[in-house]
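Asker: Each chain is listed here by its residues.
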Amino acid sequence: MINLYLLEYALNSILREKLKSLFIVTVFTLLVFLLSSVFFITSSIKYELDSTLDALPEIIVQNQQASRTIDIDTNVADKILNIAGVSNATPRVWGYYYFKNEDVYFTLVGIDEFEKPYKKSLQNAIKLFDSKHTDAMLVGNGVFKMLKKHYYKEYLNFIKPDGSLKKIYIDGVFDTKTALESNDIIVMSNENVRDIFGIDETKATDIVVKIPNKNEINTIAYKIKTLYPNARVITKEDIKVSYQNIFDYKSGLFLALFVVSIFTFFIIIYDKTSGATSEQKREVGILKALGWRVDDVLKEKFYEGFILSFFSYMLGVMLSAFYVYILKAPFLRDIFIGYSNLKPPFELVFIFNFQSLFIVFLLSVPIYIFATIIPSWKIATKDADEVMR
Amino acid sequence: MIQIKNVTKTFDINKEKITALKNVTLNIKEGNVIVLKGSSGSGKSTLLSLISALSKPTSGEVIVDEKHISKLSDDFASIYRRDNIGIIFQRYNLIPNLSAFENILLPQIPLNPNKKTIKLHVENIMKKFHIHHKKDVIVKNLSGGEQQRIAIARSYINTPKIILADEPTANLDKKLSLSFIEILKELKQTNLTIVIATHDPLFFGLDFVDEEIELKNGEIV
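Sequence order for the protein chains is A and B.
Following our numbering, the numbering of the first sequence begins with 56 at its first residue and continues without gaps.
Following our numbering, the numbering of the second sequence begins with 1430 at its first residue and continues without gaps.
If we strip away everything but chain A, and leave its shape as in the complex, we get (with noise of 0.2 Å):
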């Protein structure tokens, strides 16, 4: 059972402390509030990334020339559909577009209207308009935000690489649940993409391959470097490779962050661990002299403990979930995702990772724990004649 005296003994010293406490609380806050924003943040992202990687071809083969990405020869395809192993080789029109007016680029995608699975999952992801134009694109959310901001919002006049413009209908919106990638996309036919960028008809951006066995990527990978020895060939691991990496290096920013609030928080263990100020040894020596038991010195100092950690975690997380769901994660986010800056803004999808949390929890709330009942032991188990003198 619960000693009620004791927690209230224990919430009594917390306060007769006031300015410590204040102290602690606002680090120990800080530092679950950035683990949590971060685990919050990457939680997310990688939702996200998945969600994208999923969806993502087995290989991607690109023409390079003088070690310059160029169009490829759509005739390739061909040739790739012949290697065993191959069940499909499609050739992608696609590229940059950049929107001057809120200097951002936006991902032409062109599509083939007739090819049944694109138009399958393409009439899943978006909220058609009735719109009946020859010429007409689905654009991300974020796209379409942009361009409505800027009274775009029945066509935009695309300029092709003569100067002369192309009036493109805006048809639909795609979802938000893979918003990462579908944000700052607009898909258009293949000879709207085309006639934009100026690729010729037997040109293509580049090759995509499915593969069904995924043991036989990397040998099928190696035989298209070998017939193709100008073409660069990705595959689906090293895009998330990749991924990982632009991951890795932003989230280097935050370390900064998180080292300077991690040092405070260990020098407050530190400083508790070393020792404790004559004052709480004569408090502690008080107490066993009117009979607590060293058992009951330790469990007031739990509770101490406990009530400190556990309201600055509670704190923390709610503080986090508020900033990274409510404010959009400002600051954090852009060290995260900060490649798309170029790229329309997107939502940070909810992700509650239980397990995330419970891991920023283990590392703050217990040792805080430790390190309030260690020095109190220390002194607890000496004479108590020996303590207040």
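Note that these hints are calculated values from the structure, not bench results.
Note that the structure is a prediction, hence the values are computed from the model and not measured.
Don't take every hint at face value.
What the hints assert, rightly or not - Calculated lysine-lysine pairs in the DSS-like style (CA-CA distance at most 30 Å, straight line):
no., chain 1, residue 1, chain 2, residue 2
1, B, Lys1563, B, Lys1590
2, A, Lys437, B, Lys1444
3, A, Lys354, B, Lys1645
4, B, Lys1500, A, Lys354
5, B, Lys1466, B, Lys1564
6, B, Lys1466, A, Lys437
7, B, Lys1544, A, Lys73
8, A, Lys437, B, Lys1645
9, A, Lys437, B, Lys1496
10, B, Lys1444, A, Lys433
11, B, Lys1564, A, Lys73
12, A, Lys437, B, Lys1569
Since the structure of chain A is already known, use the hints to place chain B on it.
Answerer: Chain B in isolation, oriented as in the chain A frame:
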């Protein structure tokens, strides 16, 4: 009730051995009031500390109610103090930022008492020692005399068999000291065994004191 047999107590201070008590033997009967007198450093406080099991003798035995308290483990020593001993310290040893009520309640906290019963009990004791009107005042804001009454009330809260007072009037003026002596006189009526360590002459020759024992350089004179 209290038997002290051939007790010696030495302290190691800065690698130097200091003998506070030398081969002391003493018997105190139940219900008696004893005054331990002697100058500062004579060993009075050390003797009280041994009776209350706050420290252990270097050699010899301390027996209270036929229990060898010098052999008690730390936890049992705490329980012994909680159930048998009330201590009034020279500097009162109150927790300065707690109220008078909360300070008096301290010895009861580990027992997790019933809220209503303990509230009534603490209030009755506060009335007995004329401190009830200061119940909710933070003790650091109280006068020396008031703080001492709280210390007395706190020593009495667990209805002990023995009260030990270490230089109880050292920080009080004469009027308050006499008032404290009156309280001790009242407590004597309840058959409490009281041991007072003091060098205050006000305690010498009092009619309700059963024995005066003088200590000098750690020995009974």
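Asker: With reference to the structure, classify each hint as holding or not holding.
Answerer: The hints, checked one at a time:
no., hint, verdict
1, Lys1563/B with Lys1590/B, "holds, 27 Å"
2, Lys437/A with Lys1444/B, "holds, 18 Å"
3, Lys354/A with Lys1645/B, "violated, 42 Å"
4, Lys1500/B with Lys354/A, "holds, 25 Å"
5, Lys1466/B with Lys1564/B, "violated, 34 Å"
6, Lys1466/B with Lys437/A, "holds, 28 Å"
7, Lys1544/B with Lys73/A, "holds, 27 Å"
8, Lys437/A with Lys1645/B, "holds, 28 Å"
9, Lys437/A with Lys1496/B, "holds, 22 Å"
10, Lys1444/B with Lys433/A, "holds, 21 Å"
11, Lys1564/B with Lys73/A, "holds, 23 Å"
12, Lys437/A with Lys1569/B, "holds, 27 Å"
The structure fails to meet hints 3, 5 from the earlier list, while all remaining hints are met.
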